[in-house]
Amino acid sequence: MATFIASGGRVWRKFVKTFPVGSNLALKRSPTSALANGRLFSTSSENVLVSKDEKSGIATVRMNNPPVNSLNTALLLSLRSCFEELEKDKSCRALILTSNKPKVFCAGLDILELYQKSPDYVGQFWEKVQDMWLSLYGSRLVTMAAINGHSPAGGCLLSLACDYRIMAEGNFVIGLNETQLDLVAPFWLRQMMVDAIGYRQAEMALMVGALYPSNKALQLGLVDKLVPIEDVQTVAEEEAKNWLKIPDQARAITKMASRKPLLDELRKRKQEDIQTFRDETTRESVQLSIQQYLEKLKAKSK
Amino acid sequence: MATFIASGGRVWRKFVKTFPVGSNLALKRSPTSALANGRLFSTSSENVLVSKDEKSGIATVRMNNPPVNSLNTALLLSLRSCFEELEKDKSCRALILTSNKPKVFCAGLDILELYQKSPDYVGQFWEKVQDMWLSLYGSRLVTMAAINGHSPAGGCLLSLACDYRIMAEGNFVIGLNETQLDLVAPFWLRQMMVDAIGYRQAEMALMVGALYPSNKALQLGLVDKLVPIEDVQTVAEEEAKNWLKIPDQARAITKMASRKPLLDELRKRKQEDIQTFRDETTRESVQLSIQQYLEKLKAKSK
Amino acid sequence: MATFIASGGRVWRKFVKTFPVGSNLALKRSPTSALANGRLFSTSSENVLVSKDEKSGIATVRMNNPPVNSLNTALLLSLRSCFEELEKDKSCRALILTSNKPKVFCAGLDILELYQKSPDYVGQFWEKVQDMWLSLYGSRLVTMAAINGHSPAGGCLLSLACDYRIMAEGNFVIGLNETQLDLVAPFWLRQMMVDAIGYRQAEMALMVGALYPSNKALQLGLVDKLVPIEDVQTVAEEEAKNWLKIPDQARAITKMASRKPLLDELRKRKQEDIQTFRDETTRESVQLSIQQYLEKLKAKSK
Chain U
7 MATFIASGGR VWRKFVKTFP VGSNLALKRS PTSALANGRL FSTSSENVLV SKDEKSGIAT
67 VRMNNPPVNS LNTALLLSLR SCFEELEKDK SCRALILTSN KPKVFCAGLD ILELYQKSPD
127 YVGQFWEKVQ DMWLSLYGSR LVTMAAINGH SPAGGCLLSL ACDYRIMAEG NFVIGLNETQ
187 LDLVAPFWLR QMMVDAIGYR QAEMALMVGA LYPSNKALQL GLVDKLVPIE DVQTVAEEEA
247 KNWLKIPDQA RAITKMASRK PLLDELRKRK QEDIQTFRDE TTRESVQLSI QQYLEKLKAK
307 SK
Chain W
7 MATFIASGGR VWRKFVKTFP VGSNLALKRS PTSALANGRL FSTSSENVLV SKDEKSGIAT
67 VRMNNPPVNS LNTALLLSLR SCFEELEKDK SCRALILTSN KPKVFCAGLD ILELYQKSPD
127 YVGQFWEKVQ DMWLSLYGSR LVTMAAINGH SPAGGCLLSL ACDYRIMAEG NFVIGLNETQ
187 LDLVAPFWLR QMMVDAIGYR QAEMALMVGA LYPSNKALQL GLVDKLVPIE DVQTVAEEEA
247 KNWLKIPDQA RAITKMASRK PLLDELRKRK QEDIQTFRDE TTRESVQLSI QQYLEKLKAK
307 SK
Chain E
7 MATFIASGGR VWRKFVKTFP VGSNLALKRS PTSALANGRL FSTSSENVLV SKDEKSGIAT
67 VRMNNPPVNS LNTALLLSLR SCFEELEKDK SCRALILTSN KPKVFCAGLD ILELYQKSPD
127 YVGQFWEKVQ DMWLSLYGSR LVTMAAINGH SPAGGCLLSL ACDYRIMAEG NFVIGLNETQ
187 LDLVAPFWLR QMMVDAIGYR QAEMALMVGA LYPSNKALQL GLVDKLVPIE DVQTVAEEEA
247 KNWLKIPDQA RAITKMASRK PLLDELRKRK QEDIQTFRDE TTRESVQLSI QQYLEKLKAK
307 SK
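Line order of the protein sequences matches chains U, W and E. With our numbering applied, the first sequence corresponds to residues 7 to 308, in that order. With our numbering applied, the second sequence corresponds to residues 7 to 308, in that order. With our numbering applied, the third sequence corresponds to residues 7 to 308, in that order.
Rather than coming from a laboratory, the hints here were simulated on the basis of the structure. You can trust all of the hints, since none of them are fake.
Pairs of lysine to aspartate or glutamate residues, derived as EDC-like cross-links and limited to a Cα-Cα distance of at most 20 Å, are as follows:
| # | chain 1 | residue 1 | chain 2 | residue 2 |
| --- | --- | --- | --- | --- |
| 1 | W | Lys251 | E | Glu301 |
| 2 | E | Lys251 | U | Glu290 |
| 3 | E | Lys266 | U | Glu271 |
| 4 | E | Lys251 | U | Glu301 |
| 5 | U | Lys222 | E | Glu245 |
| 6 | W | Lys266 | W | Asp137 |
Chain U with its partners taken away, still in its complex shape (with noise of 0.2 Å):
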């Protein structure tokens, strides 16, 4: 088994500072209330960042929240609204998804959001990871995922929730580790594991938390296309480009068919995911966990 330190505690602390967590900061710069303009490019100072190509409809998400992409308040919510603007925009065909720093594509939940916070706190937090899933899963376009760098725990969820992955190769790693730090996986992350590697691997990788390099990834089947890391947006553009030579109602038609279950299955139990994650979570044991491992971030920052 793998492990994967996210980030040094240095730049953890430096990240707290610059998007306060729960202000509404980045979502009022948000890029996504452009698009109507039609060619968006962002500023770096914005925490997600969208340009769109008009002639073949394909827009390009990069997750620009420094320096690992962790999902903060503000940065789920940057990514719902840009995905749900997209959505709308009937120029757009298709989206990728990718960081703006190479190296890492996202390190996955902040877990300051659920370090010595209430239960409601955390059940909030937890609803804006939700209602992000719920956008982005059930998106009638194309989706990709660029994955150029490290994508364990909420980068690897990312990941999953779109239509087909590219990933980096090297050593980056990919992977629900949750249970690393005494953590649950929520059972809709867990389906689309089972759905993508298949029941036995996804319970074990579940149980182990397992991170698995980029070539172990492909092999099981959690990535299916490896690249340089240069040529992962390149290739990401090529196969969108590919799959929209289909037409876009059968085909989202199609993959509405796939995917209804599990989003109705989660909009049904939503209330119900929340509590489990919230009382998982604020539990003494798993408090203590993340304790230590912030700990140890910022013993390894010294």
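For chain U, the structure is supplied; the task is to place chains W and E on it using the hints.
For chains W and E alone, coordinates are given in the frame of chain U:
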């Protein structure tokens, strides 16, 4: 993504002349009614040819609907009638489904049955597809697909409904390419695909309407064995004989335990499934896709 | 399809003499009652031998029902009792299930328990199989199958109920060969097989009653690792230690989230499942199959 043009426009027209859509001509001449005699060799004027080896109890069902075994009303009725007769025939233990025209196993649904027809007509046609499938997928017999040629869409459906799939090596394709024609595979066909190659590969295959060359189909598990085209029938017979070493009753109960949920699901949702297909297929954009497809065939045949 | 003759007729008879069917002899001598003492080494006269490493919390459970570890009433009761005691033992974190007689892990259900018995007897026997399975499959412990020999039918069931499967290289087979004896695997065993190797391979394996040599089993994913027979135990211990690096609680909750649906399904349908097995097994043709099988064993042992 490979593409496959089912046939030339000229032969389509000829085919329509031979078996008028909606007539019972083929059924009346159906060879299956003579099955009580035990030995049966049909003439070439019939759309399904059945022969049975009395010693082994293995029947071979040859689709004979030139030029490409398109599943029109007449062929669907003949196949269903044939499957049901063999089911009742106590001396029959196994069924090999193959094409009398090597190089094309079955080109799928006859698209003329879906073009410029009333919703009612399309709905009734779809019910014939359902009923044919119910009789094959739920058969107590050992069922072998001897895929001696191309097998797109409905051809793949027939193959998936069998217990085992032997395909000809070489430049032959198999897959569910419905979306390429703006069509959507029904839930029970999608489920058979998921069952055969796993959720992930099936979701992708259905979204992009993939047609796989036989060696890729073997690798995915969409077919079980590849042999030279001239050996497909012989190997199917050998395999059937191997399966017949297992006691019939336990094998049939085991098969039914596995398949009953999907059979029951379609029986329960039959009308809903008809309505979905009817509404999907008669929408304007689909009719336009079919028209363009037919014009392309016509142009090719000149 | 490979075939596997579980044992010679002579040893079967001897076996019956040693452990009278239906007696509680084995249970009374069960070593598991001494587990409270923390350290435990059983004598060779018992049908289950348990030892526990106090430092690691890993218990090894050795089936010891000569000659082939057939699952008769006594062994089923001992196994269940043993699993339940270890479950309650706070110092126990992992369980390795293996055979005290290398070359045969477990030959499956004791067929004499099904032959010429009353429907009630067969039903009660089946309930013991169910209960043993519920206690192993639903265990909070890390469970490792150390498959040091042949593992047909019930042996495969035991292996599938564990979290991880390490098998001996060489001429050993594993699989669900029920149909070869005219028997039908129950829904929960079928589901474990589908979960392990996928629907398509499982449907086929169950229909034809396939027994796979260990290298084919590895390829299918029916087992996870192959090692020389003398290393099976050591490697199982190493693997268990790796798994124990993961926090127990998150791992156990994750496992249960994955397995609860099937556990609940059997708990709900227990009586229906008993009745199905009882009716299936006591029908005339099955009794005849068993009789012929036993006669074949007798002839062989002369």
